[in-house]
Amino acid sequence: GPKVLQIPSHQIIDMGQMVTLNCDPVSNHLYFYWYKQILGQQMEFLVNFYNGKVMEKSKLFKDQFSVERPDGSYFTLKIQPTALEDSAVYFCASSWGGSAETLYFGSGTRLTVL
Amino acid sequence: GQQVQQSPASLVLQEGENAELQCNFSTSLNSMQWFYQRPEGSLVSLFYNPSGTKQSGRLTSTTVIKERRSSLHISSSQITDSGTYLCAGMNQGGSAKLIFGEGTKLTVSS
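Read top to bottom, the protein sequences are chains A and B.
Quick note on our numbering: the first sequence kicks off at 10 and runs consecutively.
Quick note on our numbering: the second sequence kicks off at 10 and runs consecutively.
The set of hints was computed from the structure by calculation and includes no laboratory data.
Note that the coordinates shown come from a computational prediction; the quantities given were computed from them, not determined experimentally.
Please note that a few of the clues may not be correct.
[What the hints assert, rightly or not] The following label-pair restraints were derived from C-beta to C-beta distances:
1. R78(A) <-> H82(B): 31 to 41 Å
2. K63(B) <-> D33(A): 25 to 35 Å
3. I16(A) <-> H82(B): 31 to 41 Å
4. M24(A) <-> R67(B): 43 to 53 Å
5. E29(B) <-> I47(A): 23 to 33 Å
6. R47(B) <-> I16(A): 28 to 38 Å
7. M27(A) <-> G66(B): 40 to 50 Å
[Said to hold, decoys possible] Below are the DSS-like pairs computed for lysine-lysine, each with C-alpha atoms no more than 27 Å apart in a straight line:
8. K87(A) <-> K106(B)
9. K66(A) <-> K12(A)
10. K62(A) <-> K106(B)
11. K75(B) <-> K106(B)
12. K75(B) <-> K68(A)
13. K63(B) <-> K66(A)
14. K87(A) <-> K62(A)
15. K75(B) <-> K63(B)
16. K106(B) <-> K12(A)
17. K12(A) <-> K75(B)
18. K71(A) <-> K106(B)
19. K87(A) <-> K66(A)
20. K12(A) <-> K62(A)
21. K62(A) <-> K114(B)
22. K114(B) <-> K63(B)
23. K71(A) <-> K87(A)
24. K106(B) <-> K63(B)
25. K87(A) <-> K68(A)
26. K12(A) <-> K87(A)
[Unchecked claim] Away from chain B, derived, C-beta distances all over 12 Å, residues of chain A:
27. I22
28. N37
29. G81
Using N, Cα and C, we set each Cβ at its ideal position, and we do this for glycine too.
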């Protein structure tokens, strides 16, 4: 089936540093998403993105977070600067349409902030 | 309150037993989906089931929109079915946003 690839699978950084999480969505998909899951807890919506713009972001999407997809390449989540509470698994997803569509998820990037 | 409520929170089965996982969702959601989260964390899409019944192998999903519920039935459970099963729904109106429940953690033992 369609695959969403996330790079890297694990990332360890020191608090205050910048980190960029990369997502290679399904090739013909138009909608992109980031979700955050703290270990053992619920999958939480962070942000969705369409046509080069953020459509909606949750209150978890702090000012230190940003997303972009320059020139149709990777869909990225940047955190600058990172904080301890940013430690979590970040899942990228994509879909062809908006509502009423199956979302395809990547395997996640486990971010550890020390 | 919670837009997606799953029950039970956890379930322990002997291999070969059947499982019935429940998901109740608010009126603000539709286009229900079921995912399996492996113990190491990766997600597998099981069903996109906005209404009716769908079957795939030993798995059957039934969504009854009027009753705001969706279920996942696992027949003849296997040890490899162990993991967390997540129910999620898409919000109606607004931007595309999938809302997840807290999941049912299934443990199947021999």
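Taking the hints in turn, this is what the structure says about them:
1. R78(A) <-> H82(B): 31 to 41 Å: Holds - the Cβ-Cβ distance for R78(A) and H82(B), about 39 Å, lies within 31 to 41 Å.
2. K63(B) <-> D33(A): 25 to 35 Å: Given a distance of about 29 Å, which is inside 25 to 35 Å, the answer is holds.
3. I16(A) <-> H82(B): 31 to 41 Å: Since the Cβ atoms of I16(A) and H82(B) sit about 36 Å apart, the hinted range of 31 to 41 Å holds.
4. M24(A) <-> R67(B): 43 to 53 Å: holds (45 Å)
5. E29(B) <-> I47(A): 23 to 33 Å: Given about 28 Å between the Cβ atoms, the range holds.
6. R47(B) <-> I16(A): 28 to 38 Å: Between R47(B) and I16(A), where Cβ atoms are some 19 Å apart, the hint is violated.
7. M27(A) <-> G66(B): 40 to 50 Å: holds (44 Å)
8. K87(A) <-> K106(B): holds (20 Å)
9. K66(A) <-> K12(A): Roughly 24 Å between the alpha carbons, so the hint for K66(A) and K12(A) holds.
10. K62(A) <-> K106(B): holds (15 Å)
11. K75(B) <-> K106(B): The given pair, whose Cα atoms are some 21 Å apart, holds under the 27 Å limit.
12. K75(B) <-> K68(A): violated (31 Å)
13. K63(B) <-> K66(A): Not satisfied, since the Cα-Cα distance of roughly 32 Å exceeds 27 Å.
14. K87(A) <-> K62(A): holds (15 Å)
15. K75(B) <-> K63(B): Status holds; Cα separation ~17 Å.
16. K106(B) <-> K12(A): holds (20 Å)
17. K12(A) <-> K75(B): At roughly 33 Å apart (the allowed maximum being 27 Å), K75(B) and K12(A) break the hint.
18. K71(A) <-> K106(B): holds (18 Å)
19. K87(A) <-> K66(A): With Cα atoms ~14 Å apart, K87(A) and K66(A) stay inside 27 Å; holds.
20. K12(A) <-> K62(A): With Cα atoms ~23 Å apart, K12(A) and K62(A) stay inside 27 Å; holds.
21. K62(A) <-> K114(B): Answer violated: K62(A) to K114(B) is near 36 Å, above 27 Å.
22. K114(B) <-> K63(B): Given pair K114(B), K63(B) holds - Cα atoms ~22 Å apart, limit 27 Å.
23. K71(A) <-> K87(A): holds (11 Å)
24. K106(B) <-> K63(B): holds (23 Å)
25. K87(A) <-> K68(A): holds (16 Å)
26. K12(A) <-> K87(A): Since the Cα atoms of K12(A) and K87(A) sit roughly 22 Å apart, the hinted pair holds (cutoff 27 Å).
27. I22: holds (19 Å)
28. N37: Holds, because the least Cβ-Cβ distance between N37(A) and chain B comes to about 16 Å, which exceeds 12 Å.
29. G81: holds (19 Å)
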